[in-house]
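Single-letter residue listing:
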Amino acid sequence: MLLLNLFFGSVTIHPKEVISAFLGHSADIAESRRIILYEFRFPQAIVAIVAGAGLAVAGLLMQTLFRNPLADPSILGISSGASLGVALALFLAGSFSGQAAVNMGWFTSIGLSMAAFAGALMVLFFLLMISGRIKHVVTLLIIGIMIAYLTGSLTGLLRYYSQKEDIQAFVIWGMGTFSGVGSAQLPFFTGAIMLGLFVSILLSKSLNMILLGDRYAQNLGLNIKFQTRLILLLAGYLTAIITAYAGPIAFIGLAVPHIARNLFKTSDHRILIPASMLSGAVLALFCNLIARLPGLDGNLPINSITSLIGAPFVIWVMLRQNKQSILES
Amino acid sequence: MKEMLKLNKLVIGYASSKKDAKALMPPISVSMNSGDLVALTGPNGAGKTTLFRALSSNILPLGGEIFIDQQNMRKLHAREKSALLSIVLTDRIGDQYMKVSDVVASGRYPYVGIWARLNKLDRQIIDQSLHLAGIEALAARTLQSLSDGERQKVMIAKALAQDTPLILMDEPAAFLDYPSKIALIRLLKTLSSEHNKTILFSSHDLDMIISNVDKIWLMAPQKPMISGIPEDLLASGKMNDYFGIPYQLAHTVFDYAGLSSPKNNSVCVHGVGEDYNWLRHALRRKGYAVSETKGDIVLRIADGKYILSDKQVISKFDTLEKLTNEIDKYF
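One line per chain: the protein sequences are X and G, in this order. For the record, in the first sequence the residue sitting at position 252 is 252 according to the numbering used here, with numbers rising by one throughout. For the record, in the second sequence the residue sitting at position 230 is 1230 according to the numbering used here, with numbers rising by one throughout.
One or more hints might be untrue.
[Said to hold, decoys possible] Listed next, the stretches of chain X that the computed footprint assigns to chain G, with coverage defined by at least 3 CB atoms under 8 Å from CB atoms of chain G:
hint, region
1, 199-205
2, 221-231
3, 258-270
Think of the hints as simulated: they come from the structure by calculation, not from any bench. Think of the CB as a built atom: it goes at the ideal place given N, C-alpha and C, for glycine as much as any other residue.
Required output: the full structure, derived from the provided sequences and hints.
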């Protein structure tokens, strides 16, 4: 999948050329193609892998924490917090300078990323703050959904008062992309997500216990309050960073844990977490590939592609599950 | 006999704020010994679930202490508690892929490292637990594919794998049919008498518990909890009082008798009436043969006291509990 991602695009690069480029035979490949490969396609593929894995794990964490198969990274309003951050930044920059924010030189994609990150963190910290006072995770879930509505409507209001060019910038940001991370930020982005993924593996045992229900988990020696916060923090951290750089990407976080469970027929997080990472990375690469199939000019918005593939898939999983339980009962 | 669970002036209830605490009943001071099988019963709303939540550290008691194996629960960490007490609930758990072996293996989680890797001893204990619960054949099945009775056994196997001296079970018989109930109570009796597990379970199934448990903890809203052997609580009228309806041992109930291992000694009881019926019931539950005409000892009731006589001595007892304890020592 990685290789396919490197080969195809608006400019098709022959497999031979890719291989020789990586083997160091630079002479065999034209300079322009080498730049496309190194500067665009390779970083984009890495971002797709890392973001796909991160979103999938964040989704798995949410589904296990809430013991709800429909939970995903966006359910607690963290990605809508990111959207609010972006909308707010565009609005403020636009209204103070009197011109569209996107026309200002300094307001680049990095600015948007930082605004999104700040927005996501705001919601995350609010959630962590109230999580200590809440007895039932279902309450937390409902509050999270309320926050998502709240930030969503605030975003809508801001957009209403924003300038036309900024609205367009916001819409484009909202479509999601794996090409928003420049090669300069790539190591930071990759490192930050890898750290989160590593921590998630350390939580496998706790997640297995949480799947048994709070009372059993507690009886097995788990500090539920602490672990709930840790899982929230981790899922929020992954979602915040990915949303900041790639925009709110839907469905990977929701669909991939189901793929992983279906493929490996297990509920053991020691298997599910790596399986989700792998499936998430592959699905993201696949979506990225579809988004710039040969013959298509430029990149299609990733968010549309993930939903286009993700939505029918979730429906299929649900129907299949239904059929299974009928067979078993 | 070793004291396994002791409640010292335990106050349970709910506190909406620190000042506004509402106790469900007067402070509880009871205890159970190692290897005891005790049933917690009482009408709905008496506080059985609240007591269980307090015992399993799910909620904090409003006052008093809980000692398990002489250790104060307030002073222990969650990890230390998990080696003393395991729980069996009726909650449906897990997703469609959770396997029986996964659930039972989770009983070892307090003892294994962060990667949850099981060593040889852990595997041995898991296999043994599956065997004791009689579900070796189900190990590879998913939890969802099991019946309620089978699922109950899985959770019991998980508690056994946790290897705690004390097991708490919240309404283990609630969703079971009669054969499964009999299988369950037989399993609980085996675990307590042969494997020295101390088991406290809540149940509304009076027929089942009266004929099988060592003691009953009886609760009712705003009444003090009392502890006693089933026949004492019945003969003294406490059971009727707490439930608010008269209870009679029907003759049409499923035969739970015969689940105790029979003893060789026989006891002679002659006399008629309710009190004598409960006396005979207590003896049979303990496995003694009861005869009308001959026996190693002779029992009768006079002036509300139980009188034991053999060739040499005559002794009197206030309660059936004290009497049966004496008979246990006698043989």
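We went through each hint and held it up to the structure:
For the region 199-205 of chain X, the assignment as covered by chain G holds, since 3 residues bring a beta-carbon within under 8 Å of that chain's beta-carbons and 3 suffice. Counting residues of the region 221-231 of chain X whose CB lies closer than 8 Å to any CB of chain G gives 3, so the stated coverage by that chain holds, three being the minimum. Only residues whose beta carbon comes within less than 8 Å of a beta carbon in chain G count, and the region 258-270 of chain X has 6; three or more means the coverage holds.
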